[in-house]
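Undergrad: Residue strings, one per chain:
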Amino acid sequence: MRLAVVGVGAVGASVVELAGEYGHEVVAVADSTGGAVDDSGLYADAVFDRKRTEGTVGDADPESVFDADYDVLVEATPTTLGDAEPGFSHVRRALADDRHVVLANKGPVAERYDELRTLEAESAGTVLFEATVGGAIPVLSTIADLNGQVTAARGILNGTANFILSRMAAEGLGYEHVLAEAQDLGVAEADPTFDVEGTDAALKCVILSNVLYEDSYTLADAEVEGIADLPGSALELAAEDGRTIRLVGEVSPDGVRVGPRLVAENGTLAVSGTLNIVQLETTHAGRLNISGRGAGGPETASAVLADIGRLPDTV
Amino acid sequence: MSEADTRSYTVRLELVDEPGELLGALEPIAENGGNLLSIFHERGNVTPRGHIPVEVDLEATEVQFDVIVEALRDAGVNIIRAGAERYGAELTVVLVGHLVETDLSDTLQRFRDCGGVSVADFSLSAPAGTEGPSSARLRLVASEQQTHAALSTVRSIAEEKDLRVIEPLMEVFG
Chain A
1 MRLAVVGVGA VGASVVELAG EYGHEVVAVA DSTGGAVDDS GLYADAVFDR KRTEGTVGDA
61 DPESVFDADY DVLVEATPTT LGDAEPGFSH VRRALADDRH VVLANKGPVA ERYDELRTLE
121 AESAGTVLFE ATVGGAIPVL STIADLNGQV TAARGILNGT ANFILSRMAA EGLGYEHVLA
181 EAQDLGVAEA DPTFDVEGTD AALKCVILSN VLYEDSYTLA DAEVEGIADL PGSALELAAE
241 DGRTIRLVGE VSPDGVRVGP RLVAENGTLA VSGTLNIVQL ETTHAGRLNI SGRGAGGPET
301 ASAVLADIGR LPDTV
Chain B
1 MSEADTRSYT VRLELVDEPG ELLGALEPIA ENGGNLLSIF HERGNVTPRG HIPVEVDLEA
61 TEVQFDVIVE ALRDAGVNII RAGAERYGAE LTVVLVGHLV ETDLSDTLQR FRDCGGVSVA
121 DFSLSAPAGT EGPSSARLRL VASEQQTHAA LSTVRSIAEE KDLRVIEPLM EVFG
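Chains A and B, in that order, give the protein sequences. The working numbering puts the first residue of the first sequence at 1, with every later residue one more than the last. The working numbering puts the first residue of the second sequence at 1, with every later residue one more than the last.
Chain B with its partners taken away, still in its complex shape (with noise of 0.2 Å):
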């Protein structure tokens, strides 16, 4: 069981410029067993909407970030990004099958078009050369609230071609 494993999290949020709010923003990461690493705070860059954005790096165990993610939001603070690969936008799938041969610069292609997404990496493994199956992994960068949509993409991509996706678990859980 991974329950002991700590890990490094990046969260940035947004705060209003007045006093206490770093405070008030750093607290539900301490109370919630989170171990501060680096507090940047940018107050040279103002976001758009006035705000400040700052960007904390801590530790802590997978469900300990939860509940700090949580605690964050409970508190009102804005969160822009919370660990790249659950609350960001950013999506790594799997494929696997004949993607040499189904024409892999289609597929690629077709993730561009689809509006909203791009593809941020590729990495390709096709131990049994372009004749056999192989697998290739994706990371897609989509606009705010369009992971489920690039998901679908994916879906319908792999369907029509005859490749197996590995999708990552999505929060939609609950």
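Excised from the complex, chain A in its bound form (with noise of 0.2 Å):
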């Protein structure tokens, strides 16, 4: 497949530098300030040299990358809240183009679900959006696999809130004391909001609410409660009854529900540092569990690579 791939953060980086792996070309590129656009094909360290040097891919119009001759749309810019721009024109333009898209950017998925789904079912093209939930983790398409037969699911789908609720409880320390351990060792952003506010695990699940019960829900149907200023001593009475503290992403018929919980504290649900986990009940095989990496560039482009895979060779 030719990609062009608009968003040059950590995971679109990624995507260019792996696709030859996958038997992939990359013939467009675009950050926010330009764009780089070569039919025969774009050498990711000449794209990274100059993104380097220059601090952008290319001095083409980010929008030329859509006069390429591409195949597939890589939407990788940040994920952008209400009306989850520029990420949604990106995939409406490719759209009509009848091209692929395949989606790293929550925003679209999360908070326009049912105009993305006209916009695809107008379109000889198809969407998809692995790298949206679970990062490397295979969780939608699971759920695809499994034919309708998923009728619920909850997580762990916060790698930076995750691992600062285990330090708490390991360590004994106070919320400020490890969120700024994280933000040097550079797992938490310097405005860990959308992290500790529980945001980026609604959006996740809001996504997992539209795929499942084919709805369109947003942000704004979703009950969130963070993880922000938890006293280190409540993790400190949950060790007591052999629990500690998650932060729990639920989604079910009745809604969906982030914030923190108690969970057995050697339990399923309890994985420690950046790893996420995904539950799934299903009508015939009970619960499913699968774990891995939430984040991370070549993590969250290896689900990138597998939609490409996936998709229809001929549009």
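Think of the hints as simulated: they come from the structure by calculation, not from any bench. Yeah, the Cβ is synthetic: ideal placement off N, Cα and C, and Gly gets one too. Take the hints with a grain of salt, since some may be wrong.
Examples of chain B residues toward chain A, derived with CB under 7 Å [said to hold, decoys possible]:
1) 76
2) 79
3) 90
4) 92
5) 125
6) 137
7) 166
8) 168
Reference listing, derived: stretches of chain B covered by chain A, where coverage requires no fewer than 3 residues with Cβ under 8 Å from a Cβ of chain A [as the list claims (entries may be wrong)]:
9) 12-19
10) 65-71
11) 93-107
Build the complex: two chains, separate frames, hints provided.
TA: Next comes the structure, spelled out in structure tokens:
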């Protein structure tokens, strides 16, 4: 497949770098300020050299990627809330041109799901978005494979919040202290609001809900509570009963709920550090647990590339 | 990943006093990877329904345990209690906030008054003194089928007193 990659953060850059290993070719790349197009294929090294030295991937208009001869648009710009722009417009543009779209950006799937599906229905292109839920973990493809047999889902879907809670419990440290440590380690962003307030986990749960129940939920429909300012004493008390606290997202026909919950200290859900876990409740096979790395450039890019492999060959 | 972590569980069953019943109840445990530790067959102690209570201690991973409980139910074995934290009527919650200033004894009293619920265990941690926010762990024992009602009570009291509730994961899932 010939790829056009929009957004060159950790995930977009890894897609550009790894595409060749998966048998694909990158013909266009754009970041927020520039673009590079070459129908005979771009060299990853050249793109990144340029980004490093000149701060952008190329001199061309970022919009010029849509004029390239590509099969799949990889949308990896940052997730935005509300109108999910500019990601949504990028998707619309590609679908209008009957191209496939693979999203790493959660915004369009979490905030404008019904519009996304309508555009897809009107297009010869297909939209896939495995990377938006649980990074490298094949959550959505498992749900698709199970053919309507998944009735509910829950999980630990934010590595930053999980890292903070595991450290607080293991070391008896307070929230602020562990957050500062996580920022030093690069696990938490300088502005960790999106992760610690539960927004990121909630977006993933909203996506799961949209897929499971073919409805059109948005963040506004989710009940969300974060872990910010949770005192260390709460974790100590939980440990007295063999429990610990994790930021758990729950998706059921009753709705989407994200918040700190008590879980068994040595139980399946108490994954440590930045690992994620998803539990799927199925009609005929009980509960399935899938765990793995929920974030990271190459990890998430592997989900994008797996999606590209699932696309129909011809548009 | 803690998949490999085995824990001990106690399952309390109720069996009909007929030959083969005990074996029928143990098979689903062994077949699904549970490691039997002990079986306490209380032959002299018949339940009001004329059945014999049996307490089985076993080791299994959490995932195996879920499968075992389901297999026992499928085999028609009556499970009275399986692993205190999930199937029993005990419920642990942690409250965070100004617990002392919002009248802790009133909070506890309200749990007692809500019917079907009692406070089995309580501990408070107030590292910042009574002025600052504190945390409390409550283990509530609710009568059968009352755990959801107990949780609603916790939520409404917490909302009224502006406390944060850290709830247990409930098996409403699925």
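Undergrad: Which numbered hints turn out to be false for this structure?
TA: 1, 2, 3, 9
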